[in-house]
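Visitor: We have chain F already, so just place chain G on it with the hints.
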Amino acid sequence: MTFLPLLFLFFFLTSIPFPAFSQFNDRSTLRNLKRDLGDPLSLRLWNDTSSPCNWPRITCTAGNVTEINFQNQNFTGTVPTTICNFPNLKSLNLSFNYFAGEFPTVLYNCTKLQYLDLSQNLFNGSLPDDINRLAPKLKYLDLAANSFAGDIPKNIGRISKLKVLNVYMSEYDGTFPSEIGDLSELEELRLALNDKFTPAKLPTEFGKLKKLKYMWLEEMNLIGEISAVVFENMTDLKHVDLSVNNLTGRIPDVLFGLKNLTELYLFANDLTGEIPKSISAKNLVHLDLSANNLNGSIPESIGNLTNLELLYLFVNELTGEIPRAIGKLPELKELKLFTNKLTGEIPAEIGFISKLERFEVSENQLTGKLPENLCHGGKLQSVIVYSNNLTGEIPESLGDCETLSSVLLQNNGFSGSVTISNNTRSNNNFTGKIPSFICELHSLILLDLSTNKFNGSIPRCIANLSTLEVLNLGKNHLSGSIPENISTSVKSLDIGHNQLAGKLPRSLVRISSLEVLNVESNKINDTFPFWLDSMQQLQVLVLRSNAFHGSIHQNGFSKLRIIDISGNHFNGTLPLDFFVNWTAMFSLGKIEDQYMGTNYMRTNYYSDSIVVMIKGIALEMVRILNIFTTIDFSGNKFEGEIPRSVGLLKELHVLNLSNNGFTGHIPSSMGNLIELESLDVSQNKLSGEIPPELGKLSYLAYMNFSQNQFVGLVPGGTQFQTQPCSSFADNPRLFGLSLERVCVDIHKKTPQQIEMPEPEEDEEEVMNWTAAAIGSIPGISIGLTMGYILVSYKPEWLMNSGRNKRRIKPI
Amino acid sequence: MASRNYRWELFAASLILTLALIHLVEANSEGDALYALRRSLTDPDHVLQSWDPTLVNPCTWFHVTCNQDNRVTRVDLGNSNLSGHLAPELGKLEHLQYLELYKNNIQGTIPSELGNLKNLISLDLYNNNLTGIVPTSLGKLKSLVFLRLNDNRLTGPIPRALTAIPSLKVVDVSSNDLCGTIPTNGPFAHIPLQNFENNPRLEGPELLGLASYDTNCT
Numbered sequence: 001m002t003f004l005p006l007l008f009l010f011f012f013l014t015s016i017p018f019p020a021f022s023q024f025n026d027r028s029t030l031r032n033l034k035r036d037l038g039d040p041l042s043l044r045l046w047n048d049t050s051s052p053c054n055w056p057r058i059t060c061t062a063g064n065v066t067e068i069n070f071q072n073q074n075f076t077g078t079v080p081t082t083i084c085n086f087p088n089l090k091s092l093n094l095s096f097n098y099f100a101g102e103f104p105t106v107l108y109n110c111t112k113l114q115y116l117d118l119s120q121n122l123f124n125g126s127l128p129d130d131i132n133r134l135a136p137k138l139k140y141l142d143l144a145a146n147s148f149a150g151d152i153p154k155n156i157g158r159i160s161k162l163k164v165l166n167v168y169m170s171e172y173d174g175t176f177p178s179e180i181g182d183l184s185e186l187e188e189l190r191l192a193l194n195d196k197f198t199p200a201k202l203p204t205e206f207g208k209l210k211k212l213k214y215m216w217l218e219e220m221n222l223i224g225e226i227s228a229v230v231f232e233n234m235t236d237l238k239h240v241d242l243s244v245n246n247l248t249g250r251i252p253d254v255l256f257g258l259k260n261l262t263e264l265y266l267f268a269n270d271l272t273g274e275i276p277k278s279i280s281a282k283n284l285v286h287l288d289l290s291a292n293n294l295n296g297s298i299p300e301s302i303g304n305l306t307n308l309e310l311l312y313l314f315v316n317e318l319t320g321e322i323p324r325a326i327g328k329l330p331e332l333k334e335l336k337l338f339t340n341k342l343t344g345e346i347p348a349e350i351g352f353i354s355k356l357e358r359f360e361v362s363e364n365q366l367t368g369k370l371p372e373n374l375c376h377g378g379k380l381q382s383v384i385v386y387s388n389n390l391t392g393e394i395p396e397s398l399g400d401c402e403t404l405s406s407v408l409l410q411n412n413g414f415s416g417s418v419t420i421s422n423n424t425r426s427n428n429n430f431t432g433k434i435p436s437f438i439c440e441l442h443s444l445i446l447l448d449l450s451t452n453k454f455n456g457s458i459p460r461c462i463a464n465l466s467t468l469e470v471l472n473l474g475k476n477h478l479s480g481s482i483p484e485n486i487s488t489s490v491k492s493l494d495i496g497h498n499q500l501a502g503k504l505p506r507s508l509v510r511i512s513s514l515e516v517l518n519v520e521s522n523k524i525n526d527t528f529p530f531w532l533d534s535m536q537q538l539q540v541l542v543l544r545s546n547a548f549h550g551s552i553h554q555n556g557f558s559k560l561r562i563i564d565i566s567g568n569h570f571n572g573t574l575p576l577d578f579f580v581n582w583t584a585m586f587s588l589g590k591i592e593d594q595y596m597g598t599n600y601m602r603t604n605y606y607s608d609s610i611v612v613m614i615k616g617i618a619l620e621m622v623r624i625l626n627i628f629t630t631i632d633f634s635g636n637k638f639e640g641e642i643p644r645s646v647g648l649l650k651e652l653h654v655l656n657l658s659n660n661g662f663t664g665h666i667p668s669s670m671g672n673l674i675e676l677e678s679l680d681v682s683q684n685k686l687s688g689e690i691p692p693e694l695g696k697l698s699y700l701a702y703m704n705f706s707q708n709q710f711v712g713l714v715p716g717g718t719q720f721q722t723q724p725c726s727s728f729a730d731n732p733r734l735f736g737l738s739l740e741r742v743c744v745d746i747h748k749k750t751p752q753q754i755e756m757p758e759p760e761e762d763e764e765e766v767m768n769w770t771a772a773a774i775g776s777i778p779g780i781s782i783g784l785t786m787g788y789i790l791v792s793y794k795p796e797w798l799m800n801s802g803r804n805k806r807r808i809k810p811i
Numbered sequence: 001m002a003s004r005n006y007r008w009e010l011f012a013a014s015l016i017l018t019l020a021l022i023h024l025v026e027a028n029s030e031g032d033a034l035y036a037l038r039r040s041l042t043d044p045d046h047v048l049q050s051w052d053p054t055l056v057n058p059c060t061w062f063h064v065t066c067n068q069d070n071r072v073t074r075v076d077l078g079n080s081n082l083s084g085h086l087a088p089e090l091g092k093l094e095h096l097q098y099l100e101l102y103k104n105n106i107q108g109t110i111p112s113e114l115g116n117l118k119n120l121i122s123l124d125l126y127n128n129n130l131t132g133i134v135p136t137s138l139g140k141l142k143s144l145v146f147l148r149l150n151d152n153r154l155t156g157p158i159p160r161a162l163t164a165i166p167s168l169k170v171v172d173v174s175s176n177d178l179c180g181t182i183p184t185n186g187p188f189a190h191i192p193l194q195n196f197e198n199n200p201r202l203e204g205p206e207l208l209g210l211a212s213y214d215t216n217c218t
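Going down the list, the sequences are from chains F and G. Number 726 in my numbering belongs to position 726 of the first sequence; there are no gaps in the numbering. Number 34 in my numbering belongs to position 34 of the second sequence; there are no gaps in the numbering.
With the rest of the complex left out, here is chain F (with noise of 0.2 angstroms):
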């Protein structure tokens, strides 16, 4: 056996041809090709009147053939067989073309290759067993991005002087072989992103690798445990990526032993246990454990590794303080260590030694100020630290920070200073005011500072902003009024909850790209904004809770999804041709694209968020859903008839007109409003029929026609029919047409009993609701009419305008 290869080298070497007549065959093989090929364009120059080893893609050596370069040409079809008629090619690349059909074992005839790249093709199919009968001096082997799917064949661990095997990306629905472990010469291994591989743990043969230096294994159905035995004599190792896998158990210390190790991304996998505290990877570039269930703190070890530019150890279970030592990494550029369990205060030496770009680590329990020094190396671009307990100032350092563009400092306890530093963390009676220096960073795009405790007036030096995209700061303790000259660029504005008083500025209306404003829960004494009308983007207008008042004419708001007026003082009638122009509501079109993020307003780091009354309760929306659509006009003066038009926005949602003084009948066009899910004309004075129309509204989850004047028969239905009594309670001339099937009353044990109010409940509000209940039976019908006295509670966000809110948690 060990001389049939000698005996295949003798029959090379007999049988290479002389240089002049092996170029001559090469011409002829070369137009052969070209033909095979379909004659492409990108092959003119192949012609007869210049030498073949002249031509494109062509390359020889002592004038043979001996490399074919057809990268990212377009070709299509099959690989011709040709192609092997070149008897001493040594490199053929055939990558990033348009290549079908199964493995083309037409290559086995190549039998000098030493470089083949089949890379970013259409091939399908599996892979032949006998892949092993490729060139046997084959060292660099792409298969990757295909559409290969079943097995990787044994066999390929028996082309033995491989050093590199790239098969990533592809269709592969079987598994991957341990004798790719035999492949002693080894030097990068590429199985990545096959997530179809049956589930399979890391091989212990491929810790027979012992020259591997770059192994990218992520997102291949690995399980189980690292194995240490894999990584124990693999001293070479530079590049280890076994990410977005389910491997489980605790990260080996034999990995973080790999002297030459740069690059370890073990991030979303389910590890567990903590991270290991000896670390002699001391080259370490990227450190990625991001996305596992570690739990344990961050070794101080860390700080060892003088190289390291990235640490990402964000969304694990890790306790314990911020190691002091990661603030003296010198080439530290990005640390992101948000969702976590970190507490105690932020190294004060972060930022001032490397270059830091990206500083991340919100939703922690840390503590204490934000370190001064932050951009101390001119290159930070995020601050992004919300959902935590840090107290104090915000550094006056960050004021000349010309490079940040995302300050995310909401849900805190920052206080802020209008002095220079005066040293003192503590939260004293000083009043706290947004620091003025935030104006001098010019490159700003997003600020939230929402959920604070800054008070005082809003700084007039925010007109300088004038790339600022992102406004946001509600919820803190700001009073005055709204700044003028607020930046053109402002596409989201969000003051809602302070104590701001006096009017709109009429200067927003030069803020053209407006999308988002929300002043809610303030002291805003003003009349409706018509002037906003001419904001060509607003889609978002939130008055909620403040002091406007006066009458509503006709507008446009072409753009408008979202409008909230509620708890005002508003009053007048609205005309019948109210929502005309509010076209964004009549048909929004339906979403093609499901990838996420691109179905909300804004993305990366900041969602544009709202609170809206909607079935009954307060509900908020971290992010809004771009076909979202809400009306509420509840809590005001208005009076007159709901406007037929309403039944022009198609696309509404929510409407909510409750707690005015609406008169008439409930237009009947409303019955067009097919994907209204909540709808509240609850304490008015409407009356007439409920047209018959809404029982036809199948999306319609929630109703409340209490209080009001309404008669005679509810709407049949199963969206009615399922309906609390209370949704159509106080309405003394309104009938059921059998008064089980039109109002379930989950406390009602049986029909005719009469319940009493329970006497410790005082919130509840006994109500009368005399109903006549018509059993209908085919042929006969008998009315019967029952007397009911009904315990029925009005929601408390009926009766104030304090309402019950609900948080969702911010992810």
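Keep in mind that the hints are not guaranteed to be accurate.
[To be verified] List of simulated lysine-lysine pairs, DSS-like, C-alpha gap at most 25 angstroms:
| no. | chain 1 | residue 1 | chain 2 | residue 2 |
| --- | --- | --- | --- | --- |
| 1 | F | K238 | F | K282 |
| 2 | F | K336 | F | K238 |
| 3 | F | K559 | F | K650 |
| 4 | F | K208 | F | K282 |
| 5 | F | K637 | F | K523 |
| 6 | G | K103 | F | K696 |
| 7 | G | K140 | F | K650 |
| 8 | F | K333 | F | K379 |
| 9 | G | K169 | F | K696 |
Worth flagging that the hints you see were computed from the coordinates, not collected in a lab.
Guide: Same frame as chain F, but now just chain G:
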């Protein structure tokens, strides 16, 4: 193919996805159950497009209603041109009161897990393409008022366990392929016969003690 992307894009995409999934697992078990329904349904009109499992709960999804505690109480998807199957995971929505999936084209069987919905008031699956039996487990739905399964292709007998649901007011199983006899005791005493009609193998109201309720079923 020249335009295929490379490592970093995938890195970011898979990371976002993974983070999303983590949230799904940690905090959104009801959303998880509903998302299983979404996956088992075909939704040509995109009525489920707002069903994003990365949100902390499903309360802001269209056609889903929650109570004050962010627990799902209603699913309103009648008339939505849905096909595909029901997901057994629906049985995990322990606060669900109204399951309105009527007038669609849903196939397959009624998951017996729906019997775990102990707060369910209304089970409206009428006008679909459901096959298989009416699960006996539905007898565990002690709050049920509406049970409308009419206009499907259900087979087998009417489970006698249903007669032990005192709250049951409306039962309609007409236009199926049920067999056996029509129960007459308990809440069934007041159900009009028309709500059983058009089941060729279903025999008239049973006379207690005379025949087994599932005659004609083999």
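Visitor: It remains to establish, for every hint, whether it holds in the given structure.
Guide: Status of each hint after checking the structure:
1. F:K238 <-> F:K282: holds, 11 angstroms
2. F:K336 <-> F:K238: Distance of about 23 angstroms is within 25 angstroms: holds.
3. F:K559 <-> F:K650: holds, 14 angstroms
4. F:K208 <-> F:K282: holds, 24 angstroms
5. F:K637 <-> F:K523: holds, 18 angstroms
6. G:K103 <-> F:K696: holds, 12 angstroms
7. G:K140 <-> F:K650: Not satisfied, since the Cα-Cα distance of roughly 40 angstroms exceeds 25 angstroms.
8. F:K333 <-> F:K379: Status holds; Cα separation ~9 angstroms.
9. G:K169 <-> F:K696: Holds, because 22 angstroms separates the two Cα atoms, which is no more than 25 angstroms.
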